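Residue numbers (my numbering), protein chains in the order written: chain A, 303 to 409; chain B, 344 to 855.
No wet-lab data here; the hints were simulated from the structure.
Quick caveat, the model's predicted, so the values are computed rather than measured.
Each residue gets a CB set at the ideal place from its N, CA and C atoms; glycine is no exception.
Treat the hints with caution; some may be incorrect.
In silico EDC-like pairs for lysine to aspartate or glutamate, Cα to Cα no more than 20 Å straight-line [said to hold, decoys possible]:
id, chain 1, residue 1, chain 2, residue 2
1, B, K644, A, E331
2, A, K371, A, D346
3, B, K644, B, D453
4, B, K428, B, E412
5, B, K643, A, E387
6, B, K789, B, D453
7, B, K644, A, D346
8, B, K509, B, D440
9, B, K644, A, E333
10, B, K494, B, D453
11, B, K459, B, E497
12, B, K616, B, D664
13, B, K749, A, E333
14, B, K643, A, D346
15, B, K643, A, D393
16, B, K749, A, E316
17, B, K749, A, E381
18, B, K424, B, E412
19, B, K616, B, D570
20, B, K749, A, E387
In silico negatives: residues of chain A with every beta carbon more than 12 Å from chain B [stated by the list, open to error]:
id, residue
21, L305
22, S329
23, A344
24, S357
25, Q400
Listed next, the stretches of chain A that the computed footprint assigns to chain B, with coverage defined by at least 3 CB atoms under 8 Å from CB atoms of chain B [said to hold, decoys possible]:
id, segment
26, 310-318
27, 369-383
28, 402-408
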Amino acid sequence: MDLESQKRILELTEQNGAENMLVILGSSEGESAGLSAETVTAGDPTYAGPLAGVSLGLRVYHICEAEIKDEIPSDLYEEQVGMMEMVMDVDSIAAEMQNIRSQHSKF
Amino acid sequence: MNSVIKAASYVLMHTPDMIIHNGSTPATERIVAPDSEFLKKLPASIRSYDDVLAYAPNQTYIGNMTPAELGKIEQPWYDKKIDAKREGKFGEIMPEDEFILLMQICDVFDLVLLDKDFVAATKDKFAAGPAVTPEMAARVKEGHDAADIAKLVEKEHSEGLYFNGKLIGAVKRAHDIDINLSAHVIHENLVSKAGSVLALRHLVQNAGIDASEIQYVIDCSEEACGDVNQRGGGNFAKAAAEIAGLSNATGEDVRGFCAAPAHAMITAAALVKSGAYDCVAVTAGGATAKLGMNSKDHIKKGMPTLEDVLGGFAVLVVANDGVNPEINLNIVGRHTVGSGSSPQAVTSALVSNALEQNGLKITDIDKYAAEMQNPDLTKPAGAGDVPLANYKMIGALAVTRGEMEKPALATFPAERGMVGWAPTQGHIPSGVPYIGFCREEILAGKVKTAMIIGKGSLFLGRMTNLFDGVSFVIQANSGDSGASAVGEAEVKKLIAQAMKDFAMSLMGQEEK
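With the sequences and hints as input, model every part of the structure.
If you want it as structure tokens, here you go:
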């Protein structure tokens, strides 16, 4: 995950408390979504950014996961994400996200 | 009349020592984790020049293989060697020692100092290079004592130049205080300038013209040159034109992150179509910071560090000659401030909006070229197959718009696209690597229309959160150079009709 994004997530978490945070990802494939999810839960796996060694354990979902999709008005979702959903391997992304959450998410 | 694409050139420069010393990923690691395993493993992961030549995507970049031929080789490509050639029909893959000498001749402020033994051992080899003119060879300066160079690096804040792991030169800072003229910045800028010079020399050769015929040069790389009072003052274009011997050219720099080459091509086509200039070169050198950018992931997966070359390219846009492929400026896609950032908004802005305005569908364009990054480099880094993702999005948009049936989505990438082969040098992969092949395929009648798409991440500069992109269409020449398109008799007839219409309109007004 981009070092600047890590810094902003860390700052927002310090301001609002980890229990009040929800991170929504938009990566186009499972592996990169998993790496980002790992960064905001277990810590930066590349040990390059502000979240290296910092386990925030945040709630993290991908925009195409049912838990998030169901919260969004369907016409808006279709307009903003519909086309990408046709292109993305949603099952592989959801499996990767579930895997990271079950291991590292504290909420 | 539309302008045409007369020639294109593509060059790579293999710079293994610069990966370690100047790549942003290793440089960052040296600050945050100087004893890391990654830094220990990095040198052994770097490929030799021969291996870089034998790498199929590199041979594709310089024109020895077509993208279709590359696509037939099973991925990954890094573990398969092919016929290794330095030169291709579009350009060459230059070794590091010669490139360092090219940097030296691009320096006009005595900021690049090289070891005297290194210069002696390299200058004849450099002069014999396929694109080096006698004038360029004559610019090579004699070298200095090794002790003086070591002192510059250790005590004078100079940036070291290395070959085979040995210090063989230094780039001095151009000012004691001004960080805009630091040794790091001067090094980065000279690398970019040198890559552009090499691309321009190959362009002149490929076009079969005299260098003096080029009137205007547009540099579209991603570096900035200037000093404390004008940090991005610019004109890499004219600086490179000088060394490349384009004596009648001036120029400008066009910036826009990875979208800059597409912006520059549209600018060049418009300048030629308007009649301001007849012969414009678009050019760019490479970016040292991006060397080894994803090397952590490559090494973690047991692969070589694949981001080991700098990229450069140049395209010559000239007045319509009735033969070469035209740039159709009626079909220009643009992502505007108000376009929105969702993938469908971006793809609509860049692809379908401009086509629709011209009564065309997505399926009316034969080939698309967007971000042509080599998937060997991006997939292990978790960024996926970037060209494939672009083709899927364009295909999905065609389905959404009812221009194509959903089952056709599966074959859309292979039919309308190609695999990626360009190094991850930011602006280098951005649609333009296809222009050379596109010109040939259109001239051979295999392709009639192609859309080149440039996309840029403006938010990286922290001045806006916006994304950017533009696109344009290259099409077969109509065969009409305009020289005798309309005969004298027809012109008289048109004028007579216009005067008649004017008179009728006046009469009509009086009647009211």
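Each hint, compared with the structure:
{"no.": "1", "hint": "K644(B) / E331(A)", "result": "holds (18 Å)"}
{"no.": "2", "hint": "K371(A) / D346(A)", "result": "violated (27 Å)"}
{"no.": "3", "hint": "K644(B) / D453(B)", "result": "violated (42 Å)"}
{"no.": "4", "hint": "K428(B) / E412(B)", "result": "holds (16 Å)"}
{"no.": "5", "hint": "K643(B) / E387(A)", "result": "violated (30 Å)"}
{"no.": "6", "hint": "K789(B) / D453(B)", "result": "violated (50 Å)"}
{"no.": "7", "hint": "K644(B) / D346(A)", "result": "holds (18 Å)"}
{"no.": "8", "hint": "K509(B) / D440(B)", "result": "holds (11 Å)"}
{"no.": "9", "hint": "K644(B) / E333(A)", "result": "holds (13 Å)"}
{"no.": "10", "hint": "K494(B) / D453(B)", "result": "holds (16 Å)"}
{"no.": "11", "hint": "K459(B) / E497(B)", "result": "holds (19 Å)"}
{"no.": "12", "hint": "K616(B) / D664(B)", "result": "holds (12 Å)"}
{"no.": "13", "hint": "K749(B) / E333(A)", "result": "violated (26 Å)"}
{"no.": "14", "hint": "K643(B) / D346(A)", "result": "holds (15 Å)"}
{"no.": "15", "hint": "K643(B) / D393(A)", "result": "violated (26 Å)"}
{"no.": "16", "hint": "K749(B) / E316(A)", "result": "violated (46 Å)"}
{"no.": "17", "hint": "K749(B) / E381(A)", "result": "holds (18 Å)"}
{"no.": "18", "hint": "K424(B) / E412(B)", "result": "holds (14 Å)"}
{"no.": "19", "hint": "K616(B) / D570(B)", "result": "violated (35 Å)"}
{"no.": "20", "hint": "K749(B) / E387(A)", "result": "holds (13 Å)"}
{"no.": "21", "hint": "L305", "result": "violated (9 Å)"}
{"no.": "22", "hint": "S329", "result": "violated (8 Å)"}
{"no.": "23", "hint": "A344", "result": "holds (16 Å)"}
{"no.": "24", "hint": "S357", "result": "holds (18 Å)"}
{"no.": "25", "hint": "Q400", "result": "holds (18 Å)"}
{"no.": "26", "hint": "310-318", "result": "violated (count 0)"}
{"no.": "27", "hint": "369-383", "result": "holds (count 3)"}
{"no.": "28", "hint": "402-408", "result": "violated (count 0)"}
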